[in-house]
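Here the protein sequences come in this chain order: A and B. Numbered per the numbering used here, the first sequence spans residues 1 to 480. Numbered per the numbering used here, the second sequence spans residues 1 to 640.
Just so you know, the hints here were simulated from the structure itself, not pulled from any lab data.
Examples of chain A residues toward chain B, derived with CB under 7 Å:
1. K156
2. L160
3. L210
4. P221
5. M224
6. P382
7. V398
The structure presented is a predicted model; accordingly, all values stated were derived computationally and were not measured. We put the beta carbon where it would ideally sit given N, CA and C, even for glycine.
Next come the chains, spelled out residue by residue.
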Amino acid sequence: MSWSDLNSTLPELALAVTALILLILEVVKEPPRAQFAWTALGGIALALVLEFALPIEGQFYNGMIALDHFSRFLNVIFMITAAGAVLIAVPYLRKSLEERGEYYALLLFATIGMMFMAKAHDLTILFLGLELLSIPLYILVGFYRHRVRSNEASLKYLLLGAFSTGFFLFGIALLYGSTGATHYDAIRQAIVSDGQLSPAMTLAGFGLLLVGFAFKVALVPFHMYAPDVYEGAPTAITAFLSTGPKVAGFAAFLKVIITSFAVTTQHWWGIVWVLAALTMTVGNVTAIRQDNLKRMLAFSSVAHAGYLAVAVLVGTYDSAFGMMFYLAVYAVTTLGAFGVVALIEGEEETSLEIDGYRGLARRSPFLAAIFTLAMVSLAGFPPTAGFLGKYFVFSAAVDTGNTWNIWLVVIAILNSLISVYYYLRPVVAMYMQEPADETPLPMSRVAVPVFLVLVLIVLGFGIFPMMLVKSGVAAAGSLF
Amino acid sequence: MAETLYLITLFPLLGFLINGLAGRWLSEKQSGYIASLAVLGSFLVSAQLLLAFLALPAEERLLTQTLFSWIPVGDLNIQVGYRFDPLSAVMALVVSGVGLLIHIYSIGYMQGDPGVRRYFSFLNLFTFMMLNLVLADNLVLMFLGWEGVGLCSYLLIGFWFEDEAKARAGMKAFIVNRIGDAGFIVALILLYHQFGTLSISEIAQAAPGAQIGRGFFTATTLLMFLGAVGKSAQIPLYVWLPDAMAGPTPVSALIHAATMVTAGVYLIARNSVLFSLAPATMSIVAVIGIITAFFAATIAITQNDIKKVLAYSTISQLGYMFTAVGVGAFSAGIFHLMTHAFFKGLLFLGAGSVIHGLKGEQDLRSMGGLKEQLPTTHWTMLVGVMAIAGIPGLSGFFSKDEILWAAFSRHEGFSWLWLAGIVTAGITAFYMFRLFFRTFYGKAAWQEAGYQPHESPSVMTIPLVLLAFLSILGGYVGIPAALGGVNQFHHFLEPVLAVYPGVGAAAVQHPSQGLELLLMGVSTVVVLGGIYYAYRVYVQQPTLADDLAQRMGLLHRLSFNKYFVDEAYHLLIVRPFQALAEGLWKWFDIQVVDGAVNGSGHAIARISGAIRRIQSGLIQHYASIILLGVIFILIYLYID
Chain A
1 MSWSDLNSTL PELALAVTAL ILLILEVVKE PPRAQFAWTA LGGIALALVL EFALPIEGQF
61 YNGMIALDHF SRFLNVIFMI TAAGAVLIAV PYLRKSLEER GEYYALLLFA TIGMMFMAKA
121 HDLTILFLGL ELLSIPLYIL VGFYRHRVRS NEASLKYLLL GAFSTGFFLF GIALLYGSTG
181 ATHYDAIRQA IVSDGQLSPA MTLAGFGLLL VGFAFKVALV PFHMYAPDVY EGAPTAITAF
241 LSTGPKVAGF AAFLKVIITS FAVTTQHWWG IVWVLAALTM TVGNVTAIRQ DNLKRMLAFS
301 SVAHAGYLAV AVLVGTYDSA FGMMFYLAVY AVTTLGAFGV VALIEGEEET SLEIDGYRGL
361 ARRSPFLAAI FTLAMVSLAG FPPTAGFLGK YFVFSAAVDT GNTWNIWLVV IAILNSLISV
421 YYYLRPVVAM YMQEPADETP LPMSRVAVPV FLVLVLIVLG FGIFPMMLVK SGVAAAGSLF
Chain B
1 MAETLYLITL FPLLGFLING LAGRWLSEKQ SGYIASLAVL GSFLVSAQLL LAFLALPAEE
61 RLLTQTLFSW IPVGDLNIQV GYRFDPLSAV MALVVSGVGL LIHIYSIGYM QGDPGVRRYF
121 SFLNLFTFMM LNLVLADNLV LMFLGWEGVG LCSYLLIGFW FEDEAKARAG MKAFIVNRIG
181 DAGFIVALIL LYHQFGTLSI SEIAQAAPGA QIGRGFFTAT TLLMFLGAVG KSAQIPLYVW
241 LPDAMAGPTP VSALIHAATM VTAGVYLIAR NSVLFSLAPA TMSIVAVIGI ITAFFAATIA
301 ITQNDIKKVL AYSTISQLGY MFTAVGVGAF SAGIFHLMTH AFFKGLLFLG AGSVIHGLKG
361 EQDLRSMGGL KEQLPTTHWT MLVGVMAIAG IPGLSGFFSK DEILWAAFSR HEGFSWLWLA
421 GIVTAGITAF YMFRLFFRTF YGKAAWQEAG YQPHESPSVM TIPLVLLAFL SILGGYVGIP
481 AALGGVNQFH HFLEPVLAVY PGVGAAAVQH PSQGLELLLM GVSTVVVLGG IYYAYRVYVQ
541 QPTLADDLAQ RMGLLHRLSF NKYFVDEAYH LLIVRPFQAL AEGLWKWFDI QVVDGAVNGS
601 GHAIARISGA IRRIQSGLIQ HYASIILLGV IFILIYLYID
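Could you put together the complete structure from these sequences and hints?
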């Protein structure tokens, strides 16, 4: 290990140190503990600065970590997501008197995990990142110890997560057994010289790896845990859970597929095709019936995983770019939407039902406008960035000229039409129905930056997308 | 000159923002004035540009303004801009002109409604979206407007949301339109894939010479037409429009008569080059149009809700417009679109004035004899029904007869279109005068119900009078050659519309004038016959109506129940889909995932249930499904 190796992981180290400081503060500091959030944010800001101060290209730690535009693009998303999750958590935790240092520390550890997943160029590092992400999340989901649902969600997540991690690890082991490598490039070379996705050991290894990814990004039928966990978790955590880890999962999924397994597409595209079609359809159709906003958004995020899987399946330069754009927009939008839900839900989650949103426009015009914008972008209306994300991904699929891809896009478009129905339901409730009680909602100033970033990205990048397009193109370029 | 183009849409956008954001600090009146002023601004700019146009030679009548380049990267370069040419000029003037009158009218109509600021902000937003739709030089921007007007329509239909039925109507409109929009989007993708651009003019330039099979054009235009069928309420997607009447009456006038619903006709005219390359689509458009015109007219005969009669009449008139564009007479379609905006806007506002005077009563059976109480409404509506019926000298006569003539002179066995059109014209005259007589003449049924009808304030009657004048005079821009005119309207639009081979255009320009005059005579006789019959049935011998209804038993029931189309859709489409959603929901959510969580108010049951579920090990359930997935993946890989 050299200094340059260490330098390549400086942002992660900064976050780790901040997390440790938070754990110590938790022991020594008496409430109120407003500084926790600021400390966490300071750590994230430092990591962001370090991220940009780093040399951009190269492989480190014997090629196990790769720094490029791809990893930087995603790390920025992760840090924005983490910062947003911190800001949303402040009023949320204060309300429930659970403001404790380990909350932020765990959030930062999970963020480090995500960053390693994007930087990984070796299956072992990927696995390490995945676990570093998952374990803090198991705890965070059950952070409300006194709430049965929170505990139930945590336990479910832990058990099923462990189950799927088993497959994932077993897949890595099988791949190592058959190719003698865990490094992405080495695996590709082994497969190329070997010709096919055979022998059976490679085949099974790849299949199990696929299962691991499908679980992490919640593709049907591996999504079962998602709605339960998202609903049971504290809403501020759900906001993080449905964005960061999903982005990290897809980023790693895309990178592994393109770097190591692109030559074998003809063997497995059918699987991903079916998973993508199933995921978007089940996600959307089920979301229609949800009256609980948290659960509705959970199914919505399942549906979005289906659209994103299209980009993985296509696997071209264009689709990789489309996915980068999509992920950035999706993360900010979903985070903001859950942020609104977290602010509105009231103590003991009393107003999560759609009825709780009646007349919100009158009680809090700002939150109503933000939530509307988020819904419109998730539904994919122009001129929001959500529309462009869908457009880039779908048009990349159409451009391949492959009939099966085009049919998948047709399914995806029909699905996004269905989705408009449930995305607009809260909008109708907020603007066109009378509130049950007229009292204005107290607005948390702390969370305002999250929402402003949402407006900036959803509308700003919707109308003037060039900046994000350029970074996205550069990020996608690193994979090829 | 082109620099001011963006002002046309900017004004309503500002109006929307002011009323939407600062509405709470405005008085009811101020809110209405601001909204109206915004539309007035659009109207003045459009009118000024049009006047400047008329001074120019025909080939120079084109203004474009690029607002910005949306995504200037690689081959994907979408320019967002406006295009002002004769076609969009006509549309912008109709939208802002008729829209302005309806905004002013709304100040009176919506007075005292608690949601009036919200109403005006939606109305301005709608105008903004509609102007974007007609001014777009790019199909993406057009689609944005297309979706936007749909959204506003949905918001305004459900404006009085207390009422479950009204909320449902909004939802129905929304869902039916999504079916059409799916077609539109797929058409956009196909076009982009083929031409590498979505600019309307670039596609129009590239299409005729392109080495592409006919099938491509047939497919894309059919998909576009599917969008038009949804938006413009044609068979089989018309069911939403009658229900959309749940919204405030000025909304019905603006959105569901004068502007939004005609967007489908505009879409076809705008892309006339593409449609001309797809004769199969054109025939389908014409046939769907005429069938819709006929069927909707037969339904209108028996409806008792004054707004429903007008709604079916709108569907029927839209059918005429589609017939026109379907036989290649694009300018005739747009001509009728314009005159229809005048007289149907007038009729809706007149109906609104009646409803206003009767405190919300919409049933024709509770009206009658209102001539004395509502004098201005009475004579303006008389102009409206005469115009729609096609009495010679009024605007509807010129536009309708141009369509009928185009249908007749389209050979290849399409003259039955003309016959159906004539019959429909007779029916139209009958049911419009039925509406008129039952409202203003005969027994004053409102007395029993205890209403005190009164004429509307002048803020409402002045728009009526202005629209009445437009309904009379609007046709004189398009006097056909057979009547000694030069059809200026047609020549004005000619440069931007395609010439559809084999029809129309030639026949419209060089008709055998004697024949055309003869056909006009026939249609006038049929129309007068329809009016006379309505007079006999509803004024001279009111008992005749019930007799007829009984004697026509089955036919009457079919028409009265709108051919049971709603019921059929419910049975064939809505129920199975609900069952599917319900099934998936139950299966995944209750059986497999989680049951009790969704219900609120069962917290204790939920908690105990949750504990029980953990103990009974539902996670194993999930895990086994994951295992099934694993097996599926591995089997797939091995078999492959």
